[in-house]
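Participant: Listed below are the residues making up each chain.
Protein chains: 4
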Amino acid sequence: MKLEVSLKGTEKVDFWNNVDFCVGTGRMGLALTEEYLKELSFVQDIIGFKHIRGHGLFTDDMAIYQKRRNWFTKEETIEYNFTYLDRVMDAYLERKIVPFLELGFMPKEMASGDNTIFYWKGNTTPPKDYKDWTDMVTATLAHLVKRYGEQVYSWPIEVWNEPNLPGFWKDANMEEYFRLFKETFLAIKKLDSRFRVGGPAICGVRDKEWMKAFFDFCKKEKLKVDFATRHHYTTEMPKYDGHYTYQQLSDPEVGFENLQGSRDIIDSYKEFKGLEMHLTEFNTSYTPTNPLHDTNENAAYLAYQLERLGETSYSYSYWTFGDVFEENGVPFSLFHGGFGLVAHGCIPKPTFWTFAFYKRLQDHATECVYKGKNAVVVKNANGGYEGILWNMSDAESLVATLKLPAEAKEYTLISEVVDEVTCNPRKAWHDIGEPKNPSKEQIELIRKFAYPFCESDIVKKSRGGKIAVEEAVRPHGVIYFSVNPREFEGDRGFDYERRE
Amino acid sequence: MKLEVSLKGTEKVDFWNNVDFCVGTGRMGLALTEEYLKELSFVQDIIGFKHIRGHGLFTDDMAIYQKRRNWFTKEETIEYNFTYLDRVMDAYLERKIVPFLELGFMPKEMASGDNTIFYWKGNTTPPKDYKDWTDMVTATLAHLVKRYGEQVYSWPIEVWNEPNLPGFWKDANMEEYFRLFKETFLAIKKLDSRFRVGGPAICGVRDKEWMKAFFDFCKKEKLKVDFATRHHYTTEMPKYDGHYTYQQLSDPEVGFENLQGSRDIIDSYKEFKGLEMHLTEFNTSYTPTNPLHDTNENAAYLAYQLERLGETSYSYSYWTFGDVFEENGVPFSLFHGGFGLVAHGCIPKPTFWTFAFYKRLQDHATECVYKGKNAVVVKNANGGYEGILWNMSDAESLVATLKLPAEAKEYTLISEVVDEVTCNPRKAWHDIGEPKNPSKEQIELIRKFAYPFCESDIVKKSRGGKIAVEEAVRPHGVIYFSVNPREFEGDRGFDYERRE
Amino acid sequence: MKLEVSLKGTEKVDFWNNVDFCVGTGRMGLALTEEYLKELSFVQDIIGFKHIRGHGLFTDDMAIYQKRRNWFTKEETIEYNFTYLDRVMDAYLERKIVPFLELGFMPKEMASGDNTIFYWKGNTTPPKDYKDWTDMVTATLAHLVKRYGEQVYSWPIEVWNEPNLPGFWKDANMEEYFRLFKETFLAIKKLDSRFRVGGPAICGVRDKEWMKAFFDFCKKEKLKVDFATRHHYTTEMPKYDGHYTYQQLSDPEVGFENLQGSRDIIDSYKEFKGLEMHLTEFNTSYTPTNPLHDTNENAAYLAYQLERLGETSYSYSYWTFGDVFEENGVPFSLFHGGFGLVAHGCIPKPTFWTFAFYKRLQDHATECVYKGKNAVVVKNANGGYEGILWNMSDAESLVATLKLPAEAKEYTLISEVVDEVTCNPRKAWHDIGEPKNPSKEQIELIRKFAYPFCESDIVKKSRGGKIAVEEAVRPHGVIYFSVNPREFEGDRGFDYERRE
Amino acid sequence: MKLEVSLKGTEKVDFWNNVDFCVGTGRMGLALTEEYLKELSFVQDIIGFKHIRGHGLFTDDMAIYQKRRNWFTKEETIEYNFTYLDRVMDAYLERKIVPFLELGFMPKEMASGDNTIFYWKGNTTPPKDYKDWTDMVTATLAHLVKRYGEQVYSWPIEVWNEPNLPGFWKDANMEEYFRLFKETFLAIKKLDSRFRVGGPAICGVRDKEWMKAFFDFCKKEKLKVDFATRHHYTTEMPKYDGHYTYQQLSDPEVGFENLQGSRDIIDSYKEFKGLEMHLTEFNTSYTPTNPLHDTNENAAYLAYQLERLGETSYSYSYWTFGDVFEENGVPFSLFHGGFGLVAHGCIPKPTFWTFAFYKRLQDHATECVYKGKNAVVVKNANGGYEGILWNMSDAESLVATLKLPAEAKEYTLISEVVDEVTCNPRKAWHDIGEPKNPSKEQIELIRKFAYPFCESDIVKKSRGGKIAVEEAVRPHGVIYFSVNPREFEGDRGFDYERRE
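Protein chains in written order, with the working numbering: chain A, 1 to 500; chain B, 1 to 500; chain C, 1 to 500; chain D, 1 to 500.
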């Protein structure tokens with residue numbers, strides 16, 4: 001496979017790179033744990049997301065809603081306990097991340113039924129009493145504003161999760177969800193109109209029908225919803241074996257078209273045209289036990305996703321930053337196909353680097369000059385170029401040649417290579433015997449296999465006034481490159497090449 | 001080039017690997033600085049030497065010897081100030097290293113002349129009054145024992161440095177050195193006979209003559225010297241350009257023969273036969289501005305040294321652990337050919353890994369099974385093997401095949417590769433323009449190029465009951481490998497190879 | 001109140017100070033959380049316990065016992081998942097503490113009923129199938145030995161918790177508990193006889209009856225139980241208000257007699273005479289919402305307990321090290337009467353210092369020279385004395401004068417004072433308005449009030465050859481003092497007193 | 001002594017509190033050492049100064065000016081080596097502090113004579129060639145701008161130090177200093193007019209004469225000097241004993257009048273009226289071996305200084321932040337009367353807290369409501385008050401009553417007490433025998449005596465609408481207080497006072 005690009009210097013390509021806006025997380029209660037916070041610190045130190053979104057804010061382990069009956073008087077007391085909420089939010093803010101709040105699930109004592117979802121049994125039924133629910137929601141938001149100040153008004157608030165699935169919302173009852181949305185939306189806006197509230201938080205099942213009905217409803221009810229949300233997964237039907245799930249990746253273009261469908265529905269309303277659409281979850285597979293997540297293949301596939309998702313969506317939140325996760329139960333083994341960008345023990349997976357690379361691109365880019373199926377290239381503020389190359393093929397290498405207009409005589413080319421040969425911690429773990437809970441020494445060993453391989457070179461301007469960046473991207477590889485003018489300092493008498 | 005080794009399982013080879021006994025350092029006063037201590041911490045965390053030896057204990061910046069004249073009375077006061085000594089020793093002990101004490105140089109106020117050496121002007125003349133000298137030496141040792149306890153008796157004490165060079169000892173006056181040795185030796189032994197005292201600390205100039213004369217003297221004077229010391233450098237005559245020195249490496253065998261010469265002299269005395277000989281300095285080049293020190297070539301050359309030096313010498317102290325050093329002045333640039341295993345900013349040089357690998361071998365070895373010009377192999381306690389392969393050639397790769405007797409069915413092979421392609425921070429620094437004092441960001445970038453590249457593999461036992469370890473060692477490459485029985489855990493349903 | 005002690009120098013008093021043997025903890029699952037581990041690190045850094053004991057090893061949040069039914073085949077799989085167990089044990093070992101294992105409670109899927117205890121719903125019914133239980137217990141122990149080596153054989157193992165209460169063991173069924181004990185004991189000893197197993201883990205309800213029956217049973221069944229365990233609380237009946245419990249402290253002597261009763265029962269069997277008795281829980285109040293725990297009164301009361309408990313008991317494990325605890329629900333506020341030695345945010349409570357002082361005494365003591373109702377005094381290895389003084393009165397100060405035989409001319413007296421005036425973080429928190437979840441800045445402010453006030457003095461030997469240590473201990477105060485020979489260094493010209 | 005203040009609520013007092021603008025330091029070369037940087041980190045973490053000023057930028061240990069003569073050709077090379085300068089500046093910026101650059105002293109190779117000052121022998125003679133000097137100065141500044149960007153233009157630059165003393169400038173030659181100033185000023189302004197350059201950096205000897213002559217010169221030469229600088233010490237003539245100096249404190253008012261004298265001279269020129277005057281050094285004693293510096297007396301005296309210095313001066317830089325200092329030689333002992341706010345081992349001295357308190361006042365003040373000989377009080381943004389009380393008397397306590405207009409019903413009063421009883425590490429060190437270089441354990445012990453004692457209370461509004469803050473300030477005491485409205489949270493059922 002070849003990629004040959006030769007730029008004139010006049011190119012300017014649309015590229016909405018909002019990679020750092022949000023990332024997904026296991027349920028909020030897990031944010032109390034040390035391993036979770038270590039993994040989050042690791043991710044924030046190198047990538048640095050702005051928002052974090054997950055389930056379980058009101059699930060019982062967060063202990064917010066407290067109804068106690070007095071033994072003697074039989075009186076019922078309702079109180080809100082924010083001890084754990086404060087602890088989690090403090091931990092987030094310490095790590096320079098703030099929530100994209102998802103309101104859910106139902107506290108057991110407030111729930112109208114006992115439908116639950118997941119190993120950790122999130123209750124997914126409507127409240128017995130909507131007033132009880134909106135009281136709790138507004139008390140929680142008011143508490144957050146009191147503790148953290150006006151910044152809270154900028155934290156997006158999403159009502160519930162995937163109500164279009166019966167597992168997540170009893171009977172996938174659309175009418176009931178719209179009621180939940182309306183009551184919640186109005187109660188929050190009454191508290192303070194500066195809060196930003198959105199929905200319908202749907203996944204891909206009957207998504208067009210739901211999206212249309214949701215905006216019809218908002219239009220009818222005059223709810224000036226602040227943003228739309230949906231999810232985006234890109235694998236085919238699963239097969240199961242033991243604790244594991246196996247799935248094929250789907251054609252990326254089908255997914256992009258699907259998102260365009262949602263975009264078009266929203267834009268068809270004059271009231272909502274151009275409204276932000278947030279993908280509040282996306283990934284390849286939607287199961288937390290699909291070995292694909294830990295592979296270089298996943299990393300290469302995601303590189304293409306991150307290039308394209310901004311075409312329809314304001315943000316896209318990878319599900320999830322780390323492997324502390326219990327929806328299917330507690331993981332039995334280190335590499336278990338979890339959603340995380342990092343594995344337990346803070347081992348970055350190949351996909352972690354795809355995100356780190358896009359974040360660096362976002363930080364450095366002044367404008368985009370090329371965007372294709374295997375590469376994206378931007379100019380930076382140093383008078384150089386940076387870009388990402390990827391290869392979704394599992395068999396053939398990609399030989400890329402980029403000819404870029406140059407001003408300086410010499411440039412330094414730095415390449416960071418993530419592929420099955422150079423950055424594949426899962427292989428090292430496999431080779432040492434797939435230990436379930438590796439020792440500290442084994443974790444350190446595996447970590448040595450988890451960082452990009454770096455190469456440097458000096459590239460000289462050709463007579464045609466260009467520099468040539470040449471890279472061979474192995475199957476499932478992702479490469480970050482930067483090429484910056486080389487300023488030479490040197491020291492008196494020093495000659496790099498000289499040997500006696 | 002090929003290396004083919006096939007072992008029967010009965011081999012047992014003599015291999016005295018004392019790599020961690022001692023390491024060299026810039027003058028003691030520099031141990032007050034932060035950069036020095038950061039570099040030392042880095043070295044100790046990964047390698048972990050037991051002793052540290054350098055010059056300047058009594059040089060004026062350590063401020064131990066204080067003679068003040070009262071302005072009015074003209075009376076002279078002699079005091080010892082141990083503030084800095086304590087600070088340095090505390091810093092050493094915090095980093096789990098203790099000194100190999102070198103007694104020198106002469107405090108200016110005590111000196112009989114003003115010969116000095118180095119940019120930092122160490123005075124290299126005899127004391128005006130030997131009593132003044134031995135008082136200071138014994139007061140210092142007594143202070144150390146009071147503060148640090150009985151461990152101090154095990155810290156080796158060497159009298160002066162390279163008295164066979166006129167720069168280090170006025171006129172290279174042998175008789176005067178012997179006097180210094182004797183007075184010092186006797187004063188220390190009088191303080192406590194448990195102290196261990198040695199000499200003559202010579203370099204390779206007229207070394208046989210000095211070694212013989214020294215032991216004749218000790219024999220005659222009945223000085224039961226505790227150990228002998230000398231130095232070992234392995235480069236030819238230097239050429240100069242600007243701040244830099246360039247030299248050719250010499251034939252290693254010539255150096256080993258030279259050391260054997262010293263060994264033979266010592267062993268020729270029945271009083272001293274088998275006495276420990278410490279190489280209290282060794283390196284390739286003896287100049288702190290020879291770019292060779294920063295190269296992969298140096299790392300490969302040293303790999304052979306570390307295999308062989310134990311044949312004649314009890315210990316061998318690499319000169320030096322870090323680049324904080326001022327003998328030729330303050331370095332002008334990051335990679336300036338300094339002696340250090342690490343460069344400023346705690347960037348490990350290729351030679352650092354040679355030491356780290358030998359240290360790991362020392363920690364893991366149960367017995368040595370192979371020792372040759374390009375490889376050393378040991379058995380470990382896990383029923384596996386570990387070893388180091390190196391290639392001193394600058395042109396040709398070394399293709400090594402080791403056939404090793406096996407008991408388990410499967411082994412995990414881990415290789416860590418240090419060569420010009422995979423672990424060459426100097427090249428990255430050169431490619432970005434040879435910045436003299438790189439910024440923090442540049443240091444971090446260069447550091448990415450300074451760690452071994454790791455590979456893993458599964459090796460199966462052949463029908464012949466052996467496993468084959470195959471490695472291609474590039475020019476100037478050093479590889480550490482371990483091959484350990486693979487115990488497989490696995491998890492229900494997990495298949496590493498499976499993709500849908 | 002006065003305490004006057006004058007020693008001759010010949011006193012030697014029995015004093016079994018085993019303060020650091022063990023400490024209590026909230027349920028094991030909480031050991032996954034960051035706040036828990038921060039508090040544990042804090043406690044270990046300053047005090048340093050050897051063992052830690054709490055409930056919930058087999059409760060469902062630890063996720064060890066996994067029974068899954070295949071959707072299609074209906075087959076049941078039983079697996080053990082040690083991911084969280086390993087994580088907790090790793091965290092313990094990192095903090096240099098190892099478990100005193102309590103086997104319990106019952107995994108829901110294994111339980112014969114649905115009696116539960118606590119907010120976190122520990123199942124307290126016997127297993128449906130004892131084989132299933134012993135398989136799990138032995139698999140867990142075997143796993144621990146594999147991961148942590150032979151040290152595991154020295155971790156004490158206690159069977160269940162307080163079976164003499166119906167809340168903790170269905171119907172407080174004694175016969176059923178004895179069955180559980182026997183099956184468990186035999187299964188473990190079969191795995192390896194080096195494991196140490198004990199019981200009956202009872203509290204003070206019908207304790208004599210249970211203790212006697214237990215040892216009758218062990219004798220009859222020839223179970224060579226390795227140690228006996230019971231609990232020890234010292235408050236009267238509770239009154240309730242809102243989230244809180246209020247109780248009076250009971251007479252300490254009554255408690256000591258009660259323990260002596262257990263001791264006597266054990267010693268009445270020739271098979272068990274002298275057997276170690278461990279108080280696997282003790283505290284003043286047994287409720288986690290009694291404000292007493294946070295007071296200086298508690299600290300003074302405990303000072304007396306720690307002096308005396310060793311008279312009957314091998315060890316005594318304070319319930320608990322920190323305030324991360326959920327038995328009565330998630331705490332609503334910072335100082336909420338939790339059991340912890342430290343409050344959330346790692347604020348040491350007054351009682352923390354009582355333990356820190358006894359630990360220091362344990363580390364320094366060479367022999368005990370005085371033990372009374374308000375003081376304990378030991379000799380140390382420096383030729384000095386150290387001791388603890390306390391005052392359980394809530395109204396009157398204790399004026400103590402200790403006359404101690406002296407050898408040196410001068411001594412340095414250091415006193416660390418913990419009382420309501422000098423070290424009372426709860427008061428500072430109250431004065432700033434009792435914030436439920438204080439901000440980081442408020443935590444730092446409160447922490448300033450949580451450390452002992454220190455005083456130093458020079459004490460001179462009297463003509464009678466004694467030194468006098470004089471301390472006034474305020475109500476509810478605890479003072480640690482040390483008095484050590486003063487060695488004077490000084491510097492030329494320095495005069496501490498001089499002012500111009 | 002009594003202080004009674006009753007405010008109406010309309011008071012507004014001028015108070016220029018610029019306590020954090022600058023702090024002094026030992027010579028720049030010492031900033032390479034670890035102890036120096038630890039002490040600086042400590043100071044910056046708690047106080048946080050903006051600028052740092054000391055001697056020795058161009059002294060030889062910084063190794064900036066390098067003149068080498070070629071052995072063969074005899075050619076001279078002049079080079080600038082910025083390795084150490086960059087290292088020091090990097091270390092400063094890491095600690096969020098930037099230099100107030102003092103240009104001096106003379107590199108030996110550039111000097112016209114060999115007058116030196118201090119143990120470390122700073123050369124204090126004019127350059128042989130002024131061009132050589134200005135080349136070095138501008139090369140250094142250009143290098144700093146290249147490395148650190150435009151911020152460098154805001155770093156004040158002072159030409160030389162105390163040229164009015166012959167020790168600091170050969171013969172205290174005024175004319176020669178003016179030449180140095182002019183050449184330097186013009187060269188820097190030519191490089192970039194944004195640099196800010198000032199002088200004459202004089203101490204109190206013949207200060208009026210010098211100040212006047214300097215501004216006459218600047219006026220005549222049309223040098224638009226950016227700021228004026230002078231020093232300020234407040235002790236009488238010294239007496240000497242051994243390594244130590246003893247002096248009486250002078251009357252503070254005399255010092256303030258002296259500064260007003262300088263202020264008046266500057267303001268008498270229409271060109272310079274209102275020009276910033278920086279006290280680039282101030283302290284009580286000007287000797288680094290005066291035990292006064294380590295006392296509570298010093299802390300109380302400084303409290304008054306910090307209140308008043310802003311009346312005449314834009315900034316005032318305490319000489320010095322830490323005890324790493326070599327002007328009179330290397331300190332022999334821990335508390336040796338050094339200038340530092342902190343002693344070795346990062347032990348804060350009483351004076352440290354005076355600065356910390358003024359910094360807190362600066363951060364919190366919205367306006368000043370009282371300023372007197374023993375107290376300063378400000379309003380804060382919480383609707384409360386904060387202030388500092390001090391007592392310069394060595395015998396009598398100060399009883400202060402402040403009646404302050406109140407709006408809330410209840411306030412929380414927090415007091416932090418620094419006096420000879422509560423915060424006097426020097427006493428603890430003395431009591432343990434004045435160890436010269438205490439062990440780590442001793443340092444930790446002494447540090448326990450080095451923090452303010454904290455008290456809290458609830459203060460209620462009187463019928464007259466005021467709150468009364470009552471404090472007794474012991475001799476040589478300094479107290480920081482804050483009194484803020486108390487917002488009560490509380491929890492259901494919690495009663496702070498209740499005991500059963």
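It is worth saying that the hints were derived from the structure and are not from the lab. No residue lacks a Cβ here, since even glycine has one placed at the ideal position from N, Cα and C. Careful, some of the hints might be misleading.
In silico negatives: residues of chain B with every beta carbon more than 12 Å from chain A [as the list claims (entries may be wrong)]:
#1 F21
#2 G310
#3 G464
Keeping only pairs whose Cα atoms sit at most 35 Å apart, straight-line, the calculated DSBU-like set for lysine-lysine is [said to hold, decoys possible]:
#4 C:K403 - B:K146
#5 A:K108 - C:K239
#6 A:K74 - A:K170
#7 B:K403 - B:K448
#8 D:K460 - C:K448
#9 B:K461 - B:K373
Participant: Go through the numbered hints given earlier and state which of them the structure violates, listing their numbers in rising order.
Facilitator: none
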